[in-house]
Every structure is written in structure tokens, then in C-alpha cells.
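Taken in sequence, the protein lines are chains A, B and C. One point on numbering: in this note's numbering, the residue at position 212 of the first sequence is 212, and numbering is uninterrupted. One point on numbering: in this note's numbering, the residue at position 594 of the second sequence is 594, and numbering is uninterrupted. One point on numbering: in this note's numbering, the residue at position 3 of the third sequence is 3, and numbering is uninterrupted.
Just so you know, these hints were derived from the structure itself, not from any lab. Some clues are possibly wrong.
[Claimed, not checked] Some chain C residues near chain A, calculated using beta-carbon distances under 10 Å:
hint: 1; residue: L114
hint: 2; residue: V207
hint: 3; residue: L314
hint: 4; residue: P379
hint: 5; residue: E388
[To be verified] In silico lysine-lysine, BS3-like type, Cα no more than 30 Å apart, as pairs:
hint: 6; chain 1: A; residue 1: K27; chain 2: B; residue 2: K548
hint: 7; chain 1: B; residue 1: K301; chain 2: B; residue 2: K367
hint: 8; chain 1: C; residue 1: K215; chain 2: C; residue 2: K520
hint: 9; chain 1: B; residue 1: K233; chain 2: B; residue 2: K374
hint: 10; chain 1: A; residue 1: K262; chain 2: A; residue 2: K251
hint: 11; chain 1: C; residue 1: K215; chain 2: B; residue 2: K374
hint: 12; chain 1: A; residue 1: K251; chain 2: A; residue 2: K131
hint: 13; chain 1: C; residue 1: K40; chain 2: B; residue 2: K367
hint: 14; chain 1: C; residue 1: K215; chain 2: A; residue 2: K27
hint: 15; chain 1: A; residue 1: K27; chain 2: C; residue 2: K140
hint: 16; chain 1: A; residue 1: K111; chain 2: A; residue 2: K131
hint: 17; chain 1: B; residue 1: K253; chain 2: A; residue 2: K169
hint: 18; chain 1: C; residue 1: K317; chain 2: A; residue 2: K262
hint: 19; chain 1: B; residue 1: K386; chain 2: B; residue 2: K367
hint: 20; chain 1: C; residue 1: K140; chain 2: B; residue 2: K386
hint: 21; chain 1: B; residue 1: K367; chain 2: B; residue 2: K257
hint: 22; chain 1: A; residue 1: K259; chain 2: C; residue 2: K463
hint: 23; chain 1: B; residue 1: K386; chain 2: B; residue 2: K257
hint: 24; chain 1: A; residue 1: K131; chain 2: A; residue 2: K244
hint: 25; chain 1: B; residue 1: K374; chain 2: B; residue 2: K257
hint: 26; chain 1: A; residue 1: K39; chain 2: B; residue 2: K374
hint: 27; chain 1: A; residue 1: K259; chain 2: A; residue 2: K169
hint: 28; chain 1: C; residue 1: K215; chain 2: C; residue 2: K227
hint: 29; chain 1: C; residue 1: K227; chain 2: C; residue 2: K242
hint: 30; chain 1: A; residue 1: K27; chain 2: B; residue 2: K337
hint: 31; chain 1: C; residue 1: K317; chain 2: B; residue 2: K257
hint: 32; chain 1: A; residue 1: K244; chain 2: C; residue 2: K317
hint: 33; chain 1: B; residue 1: K374; chain 2: A; residue 2: K111
hint: 34; chain 1: A; residue 1: K27; chain 2: B; residue 2: K257
hint: 35; chain 1: B; residue 1: K548; chain 2: A; residue 2: K111
hint: 36; chain 1: B; residue 1: K233; chain 2: B; residue 2: K122
hint: 37; chain 1: A; residue 1: K131; chain 2: A; residue 2: K27
hint: 38; chain 1: B; residue 1: K386; chain 2: C; residue 2: K215
hint: 39; chain 1: B; residue 1: K337; chain 2: B; residue 2: K374
hint: 40; chain 1: B; residue 1: K253; chain 2: A; residue 2: K27
The C-beta atom is built at its ideal place from N, Cα and C for all residues, glycine as well.
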Amino acid sequence: MSDQPMFTHPPPRASRPPAAPLLPEPKLVDVVIDGHADKVPETWTILEACRHRGIDVPTLCYLENLTPVNVCRVCVVELAGARVLAPACSRRVEAGMDIRTDSPRVRLSRKMVLEFLASSVDLSTAPEAQKYAAQYGARPERYGPPAAPGTLETDRHVGTAQTVAQPVKIDNDLYVRDYAKCILCYRCVQACGSDAQNTFAIAVAGRGFDARISTEADVPLPESACVYCGNCIGVCPTGALMFKSERDMRKTGEWDESKQQKTDTICPYCGVGCTLTLHVQDNRIVKVTSPLDAAITQGHLCIKGRFGFEHVQQREPAGAESPDVKLPEGVSSRFKAR
Amino acid sequence: MDGIMDLHIHGPEATEAERAVVDAVVGEPAGDRRDLLLPALHAVQSRFGWLPQGALNCICRRLHIPPAEVYGVATFYHLLSLTPQPPTVVHVCDDIACRINGGARICEELAGRECPAHGGWKRSPCLGQCERAPAALVVRAGESPNAFVLPRTTSGAIMASLGSEEARENDRLEPLRRSAPQSGSPGLRLIRRIGQVDPESLEAYRVSGGYAALGRAFELGREGVVREVIASKLVGRGGAAFPTGRKWEAVAKAAVKPHYLVCNADESEPGAFKDRLLMEGDPFAVLEGMTIAGYATGCEKGFIYLRGEYPLAARRMATALAAGRAAGLLGSDILGKNFAFDVEIRRGAGAYVCGEETALFNSIEGKRGEPRNKPPFPVEVGLFGKPTVINNVETLVNVPPIILEGGAAYTGIGTAGSSGPKLFCLSGHVAQPGLYEVAFGPTLREAIALAGGVSSGRPIRAVLLGGAAGAFVGPDQLDMPLTLEGARAAGASLGSGVIMVFDDSVDLGDILARIAAFFRAESCGQCVPCRVGAIRQEELLARLRAGKPIGSRRQELALLQEIGQAMRDASICGLGQTASTAIESALASLDPVPEQGRPS
Amino acid sequence: MFGAGGSTSSFRETEDTDVVLLWGSNARETHPIFFHHLLKGIRRGARLYVIDPRRTSSTQWAHGWLGLDVGSDIALANAVGREIIAAGLAHREFIDHATTGFDTYRHGVEPYTLEYAERETGVPRSLIREMAHAYAGAGKAMICWTLGITEHHNAVDNVLALINLALLTGHIGRYGCGLNPLRGQNNVQGGGDMGALPDRLPGFQHVENDELRAKFERHWNVTIPPKRGWHLSAMFEAMEHKELRALYVIGENPLQSEADQARTRRLLEGLDFMIAQDMFLTRTAELAHVVFPAAAAWCEAEGTVTNSERRVQLCRKALAPPGSARDDIAILYDLARRLGHDWGEPSAEGVWNELRTLSPMHAGMSYARLEAHNGLQWPCYDENHPGEMFLHSRLWERPLNGPRVAFQPVEHDPPVDRLTEEFPLRLTTGRRLDDFNTGVQTSGYRSPLRRGESLDISPEDAKRLGVRAGEVVRVSSRRGTVEVPVRLDDGLRPGLTFMTLHFPDDVATNLLTIDATDPKSGTAEFKATAIRVERR
């Protein structure tokens with residue numbers, strides 16, 4: 001192509017920049033939010049309408065890049081005339097809706113949801129959930145101290161509270177699964193499934209309080225369909241899923257988010273151009289994420305983008321005294337061979 | 001879309017026998033038929049007594065479902081086992097009606113006995129046999145799998161069933177007559193054939209007036225049928241009491257095609273057994289009701305989602321379907337009226353929550369039986385995402401008489417606010433437990449009298465109305481009229497027609513504990529208020545009963561109310577929304593757990 | 001394409017299109033995040049056809065898999081074209097309006113009947129026909145390809161065959177339509193944009209266009225040779241003839257990445273002088289006379305890259321490079337200074353702004369705008385221009401804006417490395433999900449998926465050869481021999497084998513590959529080697 005004579009000249013410019021076909025503007029509907037009348041597009045959810053007004057609606061299972069599943073129920077709001085509360089994250093606005101985000105019923109349900117979670121799940125690496133729990137006055141101690149693990153059906157000790165405590169799963173070098181920290185928000189299942197990766201290595205298994213995220217027959221990840229994209233880690237709100245490097249640093253006390261900088265750059269693998277947010281502490285990459293609003297990734301990466309960074313920090317630094325230019329035989333001793 | 005994806009399947013391959021079982025359900029690589037997942041799991045379970053990984057992998061390949069999702073579905077249901085089990089397993093009911101009639105003692109006795117290698121037993125939530133408590137369900141896996149119920153059983157009978165090929169109930173009418181004591185009485189509409197007409201004979205059904213309504217429906221035309229049902233003011237008999245005609249009208253008018261009809265036969269409410277007896281005793285009536293509903297709402301395909309613990313009902317319905325097809329009452333051109341309609345039976349596999357309509361859809365679709373958020377409602381987005389009419393068995397059995405008598409005449413039965421006949425399931429401490437038909441309107445006291453009154457002659461301690469999801473009323477409320485409006489005024493609901501009577505020998509705290517355990521075990525686990533709330537409620541009751549409150553008893557009772565309020569307000573579905581009502585109603589007025597705690 | 005090399009459409013358009021032909025690409029594993037967009041399209045109802053000799057994980061998402069014989073792409077594409085014409089599905093209005101040479105094309109594809117194509121490609125004619133009708137009948141359709149098209153001795157012809165299909169159906173220059181080469185590295189596109197092509201100055205401005213060249217000469221105050229240079233394969237040719245005596249290798253590992261490794265080594269070792277500038281002491285760098293340790297461009301330096309949808313994006317410095325490793329730009333500035341040119345203080349943004357003054361298609365892309373918009377797609381002519389989501393919309397303007405586009409008939413020409421009794425098996429090469437090229441960047445992390453090099457063969461061939469999974473065999477081509485363990489892959493048809501280039505230190509796959517190169521692009525035929533497999 002490149003050697004055709006006509007192409008020694010630049011191609012003509014389009015008369016106007018090409019664009020996607022315009023979608024019709026959504027209709028506006030009248031709603032009332034906490035007593036204030038508002039007009040919002042009918043395609044919006046209650047959550048969007050609330051956030052647009054600057055009203056803080058807590059969410060745990062909701063994430064912008066995933067289909068709302070409305071399972072945590074911390075975002076519930078009261079609709080005048082409705083028998084039960086409605087999840088703001090998934091419920092669309094309707095004309096005439098009278099929405100209350102801070103009624104006593106709403107506050108009670110949110111408090112109880114947070115209390116239920118705090119009394120059954122280890123939220124120590126879930127800052128959002130902790131923040132909401134404090135904000136809504138959750139008092140998980142009302143249910144008693146945590147029960148010893150594994151006593152759901154038998155030997156129940158009256159006065160203790162069942163938890164989801166279980167041993168952490170470390171079955172590969174890239175990331176760990178600590179389901180004692182899992183609030184069952186379904187985000188990882190969605191990211192592994194039809195909302196992004198479409199690998200379906202994990203699903204919810206079991207039922208009721210025994211429901212948990214699992215591979216088939218609970219096999220270790222290397223025996224599952226997992227392709228280690230780490231998109232499950234990317235969406236996990238509680239630290240149940242975590243880079244192994246982060247977990248190791250936390251164990252040794254090295255992990256220090258106040259010392260970390262986040263820098264956006266572009267993945268070095270393939271030509272798709274995924275935005276990587278590099279979390280750097282002490283000049284080392286300690287974690288990789290991608291912004292949810294990046295048009296290309298929508299927050300999702302592949303194994304190379306998320307975990308492939310190690311090569312840059314496995315180079316032994318050349319000595320300060322050494323010149324820029326070096327003959328090969330002198331270099332090899334300080335410059336790790338590849 | 002379904003059926004196209006890259007699957008990663010590790011682990012064992014299916015054996016020849018396992019593959020044959022899967023093939024018999026699924027056939028060659030089927031793709032796109034995820035709805036065959038539960039039938040395939042059932043087939044494997046019935047053949048081997050559990051779900052070997054090789055067979056599961058085979059299902060994954062055939063239906064193009066990721067292994068983790070198949071595992072997620074398989075672990076959802078009580079009747080499926082991911083670990084090897086003996087070929088015979090007896091499910092012994094220890095739920096409310098059975099436990100006060102000897103079920104609890106049976107479990108204690110069994111716990112002390114050694115089972116043979118080829119048999120075992122486990123506790124079960126309500127089996128829907130409350131009129132013949134205590135009951136057990138025997139499930140035999142193998143080349144000729146078999147399942148049957150042991151009514152009014154004993155630990156000895158259960159042990160015997162592990163060892164021998166016990167005959168099933170062969171008499172078709174006598175057990176039905178015992179379960180429906182009004183059998184043969186005049187004036188019955190819904191249960192008039194039960195115990196009187198051979199439930200396995202289409203001819204007998206026709207002779208007794210069957211399929212006259214379908215003929216009349218064709219005369220009325222689709223819109224005419226909907227008009228009559230609207231005029232009848234029939235409301236759903238599954239518990240929610242939504243006007244049936246409005247539901248039908250919405251689906252009939254829905255532009256999106258195809259439309260589906262679902263008969264909700266997943267009766268699992270503790271204390272309820274009416275739908276079971278309708279299917280066991282008059283299966284053609286269910287089918288005729290469905291056919292009329294399908295005709296009126298433009299459905300070509302209907303499903304009966306039938307409770308997994310109801311083997312006899314499943315057999316009777318299957319027999320009726322086969323007879324109906326052979327007689328041209330189902331199929332591509334019913335009675336030459338250019339109307340195509342057929343029905344498929346889908347068996348549940350042990351999950352109360354699947355009685356919730358959207359959970360039921362997910363279950364048929366081969367997903368976990370987790371309820372969907374509403375809206376959208378089933379009339380718009382239902383089974384397979386299409387407009388769907390879903391009606392309870394009893395609701396559909398009301399349809400033929402409405403068509404024959406006319407909607408207007410039908411409103412003359414019952415009261416102004418509650419039209420038509422209604423079935424009640426009377427159990428517990430009554431002399432003649434069973435299924436009773438009345439026109440809406442008698443008082444609770446009259447209903448109990450219909451069942452022969454309290455069996456022991458002792459005073460009534462409490463009555464559970466509507467089942468575990470209903471509410472307790474005290475002896476002071478026996479004059480409450482059994483109508484929708486009457487129950488509402490008393491702060492209760494008729495729900496699915498359960499009336500369970502407890503005399504004063506009962507430890508009501510124990511009943512509440514069982515109800516709390518029931519909801520903890522039956523919560524699907526999807527939403528936080530129900531998943532955690534149910535276990536916190538159970539723990540709290542245990543603390544009260546043990547006399548070991550955290551803080552004061554008053555604080556505990558306040559906390560119980562807060563738990564209940566959050567479950568009611570914030571749960572996704574009716575299960576969580578009602579999981580606290582019975583317990584709260586008892587605590588409000590019946591003092592089920594006296595301050596000194598339970599004597600131990 | 002049509003004057004400037006780059007994908008014509010954007011990733012998001014794959015979410016909205018109706019039919020996608022994924023040709024010679026295993027994007028599920030090689031471009032996973034692009035595939036996410038494609039999956040959204042499939043979930044919204046788009047039909048996917050995958051043309052690939054191997055039954056890859058991408059093909060398992062397809063409505064149709066066309067498992068053609070390696071190197072028979074033109075036979076297939078021409079047959080698709082012929083069927084589209086024969087079925088009356090050609091977009092006559094577009095053809096008349098915006099193209100030339102249709103009649104020549106029509107005559108050219110006339111011999112490519114479905115029967116012929118089935119024979120030549122091994123794909124059932126019904127499937128070829130189905131794909132032809134699906135593509136031509138779709139309201140919106142696009143073709144996406146990767147190295148399965150371009151790593152052939154007739155790579156450019158392969159691409160032209162696909163372009164012809166887009167011209168034939170009008171699936172170009174409209175939203176949701178297009179022709180999209182998926183770039184294999186994060187800045188292959190940017191390298192081309194910046195003039196790292198033998199015939200182009202930055203911004204795809206042709207070096208043989210006097211006016212354009214003069215613009216650069218004025219700006220740089222130098223004389224630019226008026227003739228195009230050598231592409232990579234021609235460089236090796238020139239080394240062979242001793243015309244090329246010195247080489248400056250920046251961020252490449254040609255010793256391991258080029259076909260026919262024995263020849264590459266001989267030629268590199270024969271150079272008078274070689275500089276290697278790299279993050280690592282690569283095998284190539286070990287042969288160099290001078291090594292410049294370089295910063296990792298993607299995280300230890302500032303700059304831009306251009307992705308596969310022509311989006312120029314900012315790379316930012318997150319880490320200080322180790323030791324004396326330095327930013328590529330700084331090294332180049334220093335080198336320039338030693339050669340007598342003072343370019344001032346090295347600055348990525350400064351270089352970029354200089355480019356914007358010289359390359360009209362980049363003129364509107366200030367760093368501030370790139371930052372604000374998460375990158376911009378070229379062409380972007382001024383600071384008010386949004387960049388082009390898809391190219392060639394001019395072809396639909398009435399009257400036609402600019403010259404017509406020519407059909408360019410091409411003929412099927414099978415791979416150079418013929419299958420014979422001595423070398424009866426076809427070896428093709430490619431990537432796996434978790435590894436990258438010669439492994440320089442990926443061997444550092446512990447991928448649970450990594451399983452080392454293997455010769456993937458069909459179960460049928462394994463049985464015939466009497467080899468078991470895991471058994472180490474000798475694999476020979478006309479150029480060399482390697483030893484490698486066998487892995488059975490039922491996604492391979494009998495006669496087809498597969499290896500990667502990811503583990504060259506363990507198994508030097510490129511000892512086997514052929515350097516038969518495309519005369520126009522200079523790409524070697526990595527995709528088609530004739531081999532023999534023997535038990536040890």
C-alpha cells in the first residue's frame with residue numbers, strides 16, 4: 001500500500017470529524033428527592049439522580065463498571081407509598097417518585113446491613129465499609145463475640161455470632177483469596193463473568209449464610225478456568241482479593257498507603273493501550289489498577305497488564321560510578337542478562 | 001449467545017454410564033439449552049445418588065456452562081449432593097407440624113441407630129405432608145430410581161424402608177379421601193373430584209365434567225376469557241393475593257413474544273399441602289386451568305415448576321400430560337381450534353425460595369434460584385426474559401369453574417372483598433387434619449371446628465396462619481373471619497391457607513426456633529438483610545430461650561424488632577421480607593419465651 | 001491504509017457492530033481487553049466469524065470458525081468477494097461513488113469459486129458462503145486482523161485482499177464498520193506515526209514528496225536523503241551484501257525475534273559496529289559493541305504511545321530508573337551532542353510539540369488535551385478538533401471528497417516453505433495470553449499459566465508419530481533443528497503444529513522459521529514453516 005504513488009500525498013481531510021450516531025435525548029421526569037423537586041432523565045437510576053444532587057448514598061456492591069446487582073442493600077431509599085425500601089443502585093427513576101434518602105426506615109436498614117456485615121465479616125481492609133459503619137452507628141457487638149469458625153450446624157455456642165471466617169486461600173503467586181473478608185457483593189463474579197472477562201472461573205456456591213464465592217468444587221485457582229486477569233481484585237471492595245505482594249507487605253508491616261504514589265501510564269504489552277495506574281511505594285510498583293472511567297479498559301486488565309510489571313524492577317542497577325557507555329563484557333556483571 | 005464461549009474444564013471425564021444419563025436428558029451438544037441444567041442434575045442425582053464430577057463436567061460440555069456455575073447451581077439445592085451418598089436416603093421431616101406430632105422424637109430415635117451401608121437419613125424442612133404427620137420422604141437412586149412418602153411414620157418404619165423395597169401407595173383414592181375429609185360432600189368446587197374420581201384417568205375426568213370449561217373458553221374467545229376472570233375478582237392463591245385477571249390481561253397485551261405460562265407448584269410453605277393434593281387428586285383440572293390460561297394470554301408453552309419433594313404429584317401430573325397429549329388436549333392444534341399449547345414439568349430440587357416467582361424463573365433457566373429485584377415484573381420480563389403469567393396451582397384450579405359459571409356468578413361466592421372458594425390446610429393439634437374447602441367468610445373458630453376441633457381437647461395456645469411466612473394469632477382472635485380483609489384487619493394474612501393449631505402443651509419457643517432455623521436454612525444468601533439477618537434472628541432467639549441475653553431482655557427484644565424491620569424493609573424478596581413476621585407476632589402477644597427461660 | 005497506516009475504527013465501535021470477521025487473530029489471548037469490547041458486541045447480538053487455522057479460544061466465541069490451511073487467506077478472501085458479487089450483495093452505489101477498478105477485481109476473483117476455495121483452504125464451501133453473506137448483508141461490519149495476515153511472504157497482498165472486501169461492501173468510512181489491524185506492541189502504531197518507516201517522515205509524510213521533505217529540511221536545517229530507506233528485512237539483505245556496516249538497535253531483540261536465527265546471528269556478528277539501547281542486556285545486546293542501558297519507556301520516562309485505534313496516549317514516569325539507565329530521549333540528545341548537534345535540554349513534551357508543528361495529523365494534540373481526553377485519535381488537526389473516531393468518512397461525502405480508492409486484485413500464493421515428504425508438517429507460531437514476544441518483559445513475573453515451550457500437535461499426528469504428551473522430540477526445518485516437548489492440542493487439525501517465540505533461551509523457535517519476507521512490508525513468514533518431527 002505504502003508505495004502507491006498517490007499516497008506520497010497526504011489523504012484528503014474529512015469535511016467534518018466523523019462521529020457516532022446521536023442517540024435521542026432521554027425524556028426528563030419529575031421526581032422529588034428529600035423534599036426537593038428535580039427533573040432527571042428517565043434512564044437514570046435513583047442513585048444517579050441522588051448523586052447528581054450531591055446526596056451521599058452509600059454503596060458497597062455497586063460499581064460504575066458493573067451491572068448493578070442490588071444485593072448489599074446499603075443503598076436502599078424510601079419511596080413514598082411503597083411497602084418496602086428500594087435499592088437506589090438499580091431502580092430507575094419514575095415520574096412522580098417521592099424519594100427519601102434519610103428517613104428513619106432508611107437509616108435503620110442501612111445501619112442494620114452494616115451491622116450485619118461488621119458482625120460476620122472481617123472488614124479490617126475495607127475502609128469504605130468501615131466508614132459507613134461508623135457513619136450509620138453500626139454496633140456489631142450487639143450480637144456477641146464471633147463464634148468459633150465452622151460451627152454453623154453443630155455445637156452452636158449460645159451468645160456468639162456466626163461469622164464467615166475461614167482459612168485464607170493462597171494457591172498461586174499472583175493473588176490471594178481471603179474469604180473471611182468477603183461480603184458477597186458479587187462484584188468479582190461479575191467481573192470474571194459477563195460484565196468483563198467472560199471467563200466464569202468463579203461463581204456463588206452454597207446457600208444462605210453458607211453462600212460463598214467458589215471455583216468448581218472449590219478447586220485451587222490453577223485447576224480452575226482462572227486466567228489471572230485480576231479483574232476480581234480490581235473490583236473487590238473489602239480486600240478479600242488482594243495482590244500477593246500487597247498481602248506479603250501487609251504481613252511484614254511494610255504496606256503504607258501514605259507513602260504510595262499513583263501514576264497513570266500505558267501498558268507496555270500489545271497495542272490496545274490500556275491505562276495502568278501504578279501504585280508505587282519506595283520506587284517499587286506494589287499494585288496495578290486501571291481507572292474505572294478509562295474508555296478502553298473500564299477498569300479491567302489482563303494478566304500481563306496487571307501482573308507483568310515485575311521485569312522493570314528485576315534489573316540490578318548499574319553502579320553510580322559506571323559510565324553510560326559500556327562494552328558488553330563489562331556490562332554483564334551489573335546488568336542482569338535477559 | 002448462550003452456548004458460545006471458551007470453556008476451561010479440568011478434572012475427570014464422565015464414565016460411560018454417566019455420559020449415558022446426561023445424554024438421555026440433553027442429547028448431543030445442545031448449546032443454548034441452559035434450562036436443561038436442573039433436569040440433567042436431577043437425572044444424575046437419581047441415577048447415582050450424588051453428582052460425580054465427571055458427570056458434572058459432561059453437563060458443562062454438553063450445555064456449554066462453565067463448571068463454576070454448574071457447581072454454584074448444584075450446591076444451591078438440598079436434594080442434590082456433591083458428595084457420595086448411600087443409594088437410599090430418607091428425608092425425615094422435623095418441621096413444625098411433624099415435630100409436634102412425633103417427628104422430633106423420631107429424629108432422636110434415629111440418631112441413636114446405625115444405618116445400613118446402602119441407606120441413610122437426614123432431617124428435612126416441611127415435606128408438605130402435614131395432614132399426615134409425622135412424615136418422611138424416601139428417595140432411592142439407581143437404575144430404577146424411586147421416591148415415595150412414609151405418612152404417619154415411625155423410626156421403625158423408616159429403618160425398615162432403608163432395607164426393603166417398600167411398595168408405594170397404590171390405592172389411588174383412599175389416601176386422598178383421608179387427606180381431604182370433605183371428599184364426596186356436595187357443594188365443593190375445587191376439590192370435588194379429590195378422592196372420588198380416578199386421578200389417572202382422562203376419561204373419568206371428562207365424565208365428571210372435565211374439559212367442558214376449555215370448550216366454553218374457546219367459545220368465549222381469548223378476550224372473553226380474560227374478561228370473565230377479571231369479572232370473577234379472583235386473586236392469586238399463592239399468598240400474595242394479586243388480581244389474576246389483571247395479570248392475564250397484561251400478558252395477553254404484551255407486545256414482546258413469546259409469552260410463557262408458569263404454574264407455580266413449588267409449594268414449600270411449612271404447613272401447606274393444598275397444591276400437592278390438587279395435583280395428586282385432580283391433575284387434569286390443573287392442566288385444564290393451565291390450558292385455558294395459556295389460551296387467554298397467548299402462550300404456547302407452559303411449565304409446571306413442581307416441588308422436588310412431591311414425587312406422587314409429579315407422577316400424576318406426568319400421567320395427565322401424556323394422556324392430554326394423546327387425546328389432542330395438548331399439542332400443536334388443540335381440539336382443532338388452531339391453538340398450540342404444551343406443558344413441561346420442571347422439578348424443583350429442594351429450595352423454598354424457588355417458590356418466589358422470579359427465583360423460580362431463574363431455577364427453570366438453569367441458574368441459581370436467586371430472586372430478581374422487582375420491577376420489572378414477570379408480566380413484562382419473566383421467564384427467559386419474556387412476558388410471563390405465573391399462577392399458583394390453586395389459582396389455576398379456580399379457572400374452570402369461573403369459565404363455566406361465569407365471572408359475575410363467581411363473585412357471589414364468599415364475601416364482597418374476597419370472592420370464591422378457598423382451600424385451607426388444617427394441621428397441628430386438630431382432630432381431623434386435612435385439606436378443607438370453604439367459601440371465603442367463616443371464622444377461624446369455625447374452620448378449626450370443621451377439622452374436628454383440638455385433638456387433645458386442651459385449650460388452644462396459638463394458631464399459625466399462613467405458614468412460617470405468616471403470623472401467629474392467639475386464642476382471643478378465633479372469631480376473626482377468614483377473608484383477605486378479615487385477616488388484614490387482625491394484622492395477619494391468610495397466605496397460602498395454612499391453619500396450624502397448637503394446644504397448650506406446646507413449647508412455642510421451640511416452634512419459633514424451628515421457624516428461625518427454617519429461614520436461616522432457606523435464605524438464598526443473595527442479600528445481606530436476609531442472609532445475615534436470618535442467622536442473627538436465630539441466634540437471638542436462642543439467647544432468649546437460654547435466658548442469656550446480651551444486655552437486657554428488653555434490649556434483645558428491641559434488637560429483634562430492628563432485625564425484623566430491616567429484613568422486612570430491605571430484603572430483595574418475600575422470603576426475607578416475611579422471615580420475621582411469625583416470630584415477631586408471637587413475641588408481641590403470646591409470650592412464647594417466658595422470662596425465666598426454657599427449662600432445660 | 002489509504003495513505004496512513006492505522007485501524008480505521010475505534011474499539012467501542014465493535015460493541016455496536018453487527019458482524020466481525022476476526023482474521024488471523026487470537027485476540028482473546030493476544031488482545032484481551034480489545035476482546036472485552038468485542039464480547040460486548042457479541043452479547044448485543046453481533047455475529048463473529050474467526051478465520052484461523054487453529055481452533056483457539058477466540059474461535060470458541062465465534063458463530064463460525066473457518067479453520068483454513070495456513071497461508072490460504074487470499075484464496076478465501078477472493079472467494080468471499082466472488083460470492084458477494086455473485087449473490088448480488090456488492091454495494092454498487094458505494095463502488096460507483098468512491099472506488100475504481102471494480103471490473104478488474106471482478107474478473108480477478110472470477111476463478112475463486114467456492115469449490116476452488118474449499119479445495120485450497122480446507123474450509124467447507126457452505127461456511128465460506130455463510131460468512132460472505134453475513135458480512136455483505138450486515139448493516140455494519142468490520143474486519144480485524146493480526147499477524148496471521150501479516151507474517152506471510154505476501155503480507156501486503158493479504159491485507160489488500162481484505163481491503164477489497166471492505167470496498168466491495170462499503171464497510172468502510174462508516175460508524176461500526178472498518179478495517180482494523182490489531183497492533184501487537186504498545187507503540188508499533190506510534191513508531192509508524194513518528195516516521196519509523198523506511199519511506200515516511202513523521203505523520204506518514206512521504207519522504208519522496210519534495211514539498212513535504214522540504215518542510216522538514218527547513219525546520220531541521222539539514223538535507224534529508226530523498227529516497228526511501230531499508231525496512232528490516234532489507235537491512236539484513238544489505239548486511240549480507242556488506243552495504244550496511246553499523247546498526248543502532250533501540251528496544252529490539254532481533255537476534256531472537258527474527259526468523260532464521262542462525263543467519264541473523266551471522267549477520268549481526270559480521271557488523272563493524274553495533275549499539276544496543278535497551279532495558280536489559282538482551283541476547284542482541286550481548287553482541288553489541290556498545291550498550292546504552294535504557295529506562296523502561298512505559299513507566300520510567302515521559303512520552304506518548306499510539307495504540308491500535310490511533311489513540312495517542314501519555315506515558316508517565318512512575319519510577320526512577322535503576323542505576324545509570326536513562327530515558328531514551330536523553331540518550332539520543334547526548335549522542336546528538338557528541339555528534340555535534342546541540343538540541344538543548346531533553347524534554348518529551350518539547351519533542352512532541354516540535355512534532356505537532358511538522359505533522360498536521362498531530363497538530364491539535366497538546367499534552368494538556370491528551371491529559372484531559374485520556375488520549376486523542378489522529379488525525380487531529382487543531383486544538384478544536386476532536387480527533388477521528390473512524391477514518392475515511394470522506395468516501396461517503398457527496399460529491400466525493402478526494403480521490404477514489406482503487407480495488408487491488410491479488411492472487412493466492414501459498415507459503416514459500418513447501419510441505420514435502422521430508423518436511424510434511426506445517427508449523428505456525430503465535431503468542432500465549434500470559435507471555436510476550438521473546439519473553440524479555442514477561443519472564444520476570446510468576447504466571448501460574450506458564451508452561452514453557454512446547455510443540456503443540458494434533459492428537460492424530462501424535463498417534464501417527466508415536467509420540468506422547470511431554471515427550472521431547474527433535475523438530476527440524478530446512479534451516480535448523482530444536483528439541484522441544486510435545487503437547488497435544490485438539491484445537492489443531494492433523495498436519496498443523498504450533499509453537500511460540502516466548503522462550504528463546506530454552507527453545508529457539510526461530511532456528512526453524514523462514515526469512516522469506518514480504519517485498520513490500522519486509523515481514524517474514526513466521527506463520528508458515530515446513531517441519532519434520534522425530535523421536536529422539
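Now for the hints, and whether the structure bears them out:
1. L114: violated (28 Å)
2. V207: holds (9 Å)
3. L314: holds (7 Å)
4. P379: OK, holds: C/P379 within 10 Å of chain A, min 7 Å.
5. E388: Interface hint status for C/E388: holds (6 Å vs cutoff 10 Å).
6. A/K27 x B/K548: The given pair, whose Cα atoms are some 58 Å apart, is violated under the 30 Å limit.
7. B/K301 x B/K367: holds (20 Å)
8. C/K215 x C/K520: holds (26 Å)
9. B/K233 x B/K374: Since the Cα atoms of B/K233 and B/K374 sit roughly 24 Å apart, the hinted pair holds (cutoff 30 Å).
10. A/K262 x A/K251: Measuring from Cα to Cα gives roughly 22 Å; hence the hint holds.
11. C/K215 x B/K374: violated (66 Å)
12. A/K251 x A/K131: OK: A/K251 and A/K131 at ~23 Å, within 30 Å.
13. C/K40 x B/K367: holds (21 Å)
14. C/K215 x A/K27: violated (53 Å)
15. A/K27 x C/K140: holds (28 Å)
16. A/K111 x A/K131: Given pair A/K111, A/K131 holds - Cα atoms ~12 Å apart, limit 30 Å.
17. B/K253 x A/K169: violated (53 Å)
18. C/K317 x A/K262: Status holds; Cα separation ~11 Å.
19. B/K386 x B/K367: holds (16 Å)
20. C/K140 x B/K386: Satisfied, since the Cα-Cα distance of roughly 28 Å is no more than 30 Å.
21. B/K367 x B/K257: holds (22 Å)
22. A/K259 x C/K463: Cα-Cα ~59 Å, so violated.
23. B/K386 x B/K257: Distance of about 7 Å is within 30 Å: holds.
24. A/K131 x A/K244: Measuring from Cα to Cα gives roughly 25 Å; hence the hint holds.
25. B/K374 x B/K257: holds (20 Å)
26. A/K39 x B/K374: Since the Cα atoms of A/K39 and B/K374 sit roughly 24 Å apart, the hinted pair holds (cutoff 30 Å).
27. A/K259 x A/K169: Holds. A/K259 to A/K169 sits at ~28 Å (cutoff 30 Å).
28. C/K215 x C/K227: holds (16 Å)
29. C/K227 x C/K242: holds (20 Å)
30. A/K27 x B/K337: violated (44 Å)
31. C/K317 x B/K257: Violated: C/K317 and B/K257 sit about 56 Å apart, past 30 Å.
32. A/K244 x C/K317: Given that 30 Å is the threshold and the Cα spacing comes to 24 Å, the pair holds.
33. B/K374 x A/K111: Holds. B/K374 to A/K111 sits at ~23 Å (cutoff 30 Å).
34. A/K27 x B/K257: holds (26 Å)
35. B/K548 x A/K111: holds (25 Å)
36. B/K233 x B/K122: violated (43 Å)
37. A/K131 x A/K27: violated (36 Å)
38. B/K386 x C/K215: Measuring from Cα to Cα gives roughly 64 Å; hence the hint is violated.
39. B/K337 x B/K374: violated (36 Å)
40. B/K253 x A/K27: Holds, because 24 Å separates the two Cα atoms, which is no more than 30 Å.
The structure fails hints 1, 6, 11, 14, 17, 22, 30, 31, 36, 37, 38, 39 (numbered hints given earlier, in ascending order).
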